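Protein sequence lines, in the order shown, are assigned to chains A and B. Take the first sequence: its letters are residues 1 to 336, numbered as in our numbering. Take the second sequence: its letters are residues 1 to 265, numbered as in our numbering.
Note that these hints are calculated values from the structure, not bench results. Check each hint, because a few of them may be wrong.
What the hints assert, rightly or not - With a straight-line cut-off of 25 Å between C-alpha atoms, the simulated BS3-like cross-links for lysine-lysine are:
1) Lys331/A with Lys272/A
2) Lys218/B with Lys330/A
3) Lys93/A with Lys53/B
Said to hold, decoys possible - Here are the computed distance ranges between Cβ atoms for each label pair:
4) Asp175/A with Thr149/B: 58 to 64 Å
5) Ser175/B with Gln96/A: 34 to 40 Å
6) Glu258/A with Pro177/B: 46 to 52 Å
7) Lys93/A with Ser21/B: 53 to 59 Å
8) Glu215/A with Arg84/B: 54 to 60 Å
9) Glu258/A with Arg236/B: 42 to 48 Å
10) Arg203/A with Glu185/B: 16 to 22 Å
Source: prediction; values computed, not measured. For glycine and all other residues, C-beta sits at the position ideal for the given N, C-alpha and C.
Here is how the chains run, residue by residue.
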Amino acid sequence: MTTKKDDRGGLWVLAEQHQGVLAEVGLELLGKARELADQGGFQVTAVLLGDRVKGLADELIAAGADQVLAAEDPALEPYHLLPYTQVITDLIKEHQPEILLIGATALGVELAPRAAARLGAGLSAHCIDLQLDDQGRLLQVVPGWGGGVLATITCPDHRPQMATVMPGVMKSRGDPQRQGQVIEAAVDLPQDQPGPRVIEVSRREPQGLPLEKAEIVVAGGWGVGSAEKWSLVEELAELLDGAVGATRPPLDEGWAGEDQMIGQSGKTVRPKLYIGLGISGMMHHVVGMDQSEFVVAVNQDPQAAIFEVCDLGLVADLTELLPILITEIKKLKGSD
Amino acid sequence: MKRIIACVKPVPDPKHWDRVSLDPETMTLRREGIPNVVNPLDRQAVEAALQIKEALGGEVVLLSMAPPFAASTIREMLAMGADRAVLLSDHLFAGSDTLATSRILAAGVKQIGAFDLILCGNMTLDGSTAQVPSQLAELLDIPNLMHITKIEWPDPNLCRLTQRIENGQIVWEASPPLLISVVKEINKPRYISFLGIIEAEKKELAVWSNEVLKIEPKLLGLAGSPTKMAGLTIRRSRRAKEILTGEAEDLARALAQRLVRKGFL
């Protein structure tokens, strides 16, 4: 019999799933984990919790996992915080991974701190970059003060080194040829779980092009001014085959929906073209769009902070500019 | 309901964050002269606590870990209607990460005594980690739920909580003891009345140092924090920042042309 390779010291990624559908962020984190693992000589393990979810393993291996550790139990579907915390911390105690990455989703931001507290491990939130230092330790780059400051966090003395990352920050990559193995984890949960009980789950199908996937994002802020003018933002986005994003005020005004918010407490986008309309450029927002390739900003205040973080800025009144811009683009598209 | 604890935190006023600078010698942030305000979401937490008290009775106790200057910010939340406040303050607490902070808050909760509910804002503006609610609940060994947009009480021992998730929501049923962290849409915090301010002056605001909490010093501050700050940089943009001014018509044409040249049209 061959000796089983010691699986301690690996790089783990939580593969979040709901009712058999993987969350995109887990695949994105596997992409980053693969890159770090190749550099630091780690084994990448995707940790999958749920009920009868092993079928998702191929997708996780293609996304970069060397192995999939599947913990299956009816008590793990749908997600409940306490059994999830118990299973993942038990697995960590058994296998002692070096690093654990978790998506900063509604589930992840609830679970990661609870698990870290149980383990006494260090956890950094909403990392925008992850690197390894020369000793193979994880450097976690996090925005602070609304994104105006970047801090590099390390966890020198505790394991695993834990970090959460917002969806959209890392890029997933698939290689269907990749091989990996699936390991079934023993789960021992009592039938009657303590804690809150799910009464009802409702998920809407997201409408149109998801913001995180759009190659062009047209985002509006408070400066757009009214629901009527917001429709011009939407029209511009449609003309460019882009998606519509927003800062917080348009949500409060009811012009835009919660899933359109870009920024620290919303989504992270990295389109080829970002156009910010009537956006002041508070760091809360900027941290969610700063990785865009080309950034255009329109604001009537020449002092607006958005002009400090754009490639091309137009000092203009949107009420005047937008209708002309839309007409111009229609003309250009018509002459194709 | 006997007792509801609402966690509050003074944070530097975000309106003045552009005045934050970096001290190159110590790698720490200079934040002198930046006034403190109550972390915005904590007002929603206090409002939620007050609404539960009005419906089901009990007292609302504010809990904060902050330097002594935070007392005036906490007094403001007493003026909103909370009954009393506990401020955990000690130089040993300085430099605590979320886990060490949660340890201190958990010790404060235990010192306050029996409770039914703990309410928190989902995140604070300064750190924005959103980690303390779950960590505090774990250290107290009680369940918790985040991103709560609605709290209802079908009966006094059972609450129905609506939780916001990606593209939807989950409705939960739970019984105290429980820690709930709330998001902005849960309520509209009440205005502070003049009478409230007068009454707040008479309310108890206890300041507890580690002599009261008696936590081992190695579990506090930098020593007790598993995460360490290895570096700090002020973010600067490397973008071209080509700024055009002029007539709207010319600007619109210039932008459209640029979009064509860059291949977006």
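Measuring from beta carbon to beta carbon, are Lys93/A and Ser21/B in 53 to 59 Å? With a Cβ separation near 43 Å, Lys93/A and Ser21/B fall outside 53 to 59 Å, so the hint is violated.
Note whether the CB distance of Glu258/A and Arg236/B lies within 42 to 48 Å or breaks it. Violated, at about 31 Å.
Starting from Lys331/A, check that the Cα of Lys272/A is at most 25 Å away, please. 23 Å, holds
Just to be sure I understand the hint, the distance between the Cβ atoms of Asp175/A and Thr149/B should be within 58 to 64 Å; is that true here? The hinted range 58 to 64 Å is violated for Asp175/A and Thr149/B, with Cβ atoms some 40 Å apart.
Would you say the C-beta atoms of Arg203/A and Glu185/B sit inside 16 to 22 Å of each other? The hint (16 to 22 Å, Cβ to Cβ) holds, given that Arg203/A and Glu185/B are roughly 18 Å apart.
Does the Cβ pair Glu215/A, Arg84/B satisfy 54 to 60 Å? 55 Å, holds
Does 34 to 40 Å hold as the CB distance between Ser175/B and Gln96/A, or does it fail? The hint (34 to 40 Å, Cβ to Cβ) holds, given that Ser175/B and Gln96/A are roughly 36 Å apart.
Between Lys218/B and Lys330/A, is the straight-line Cα distance small enough, at 25 Å or below? Answer violated: Lys218/B to Lys330/A is near 66 Å, above 25 Å.
CB of Glu258/A to CB of Pro177/B, is that within 46 to 52 Å? Between Glu258/A and Pro177/B, where Cβ atoms are some 30 Å apart, the hint is violated.
Checking one constraint from the list: CA of Lys93/A to CA of Lys53/B, max 25 Å. Satisfied? Violated, because 41 Å separates the two Cα atoms, which is more than 25 Å.
Going down the numbered hints, you'll see the structure goes against 2, 3, 4, 6, 7 and 9, while the others check out.
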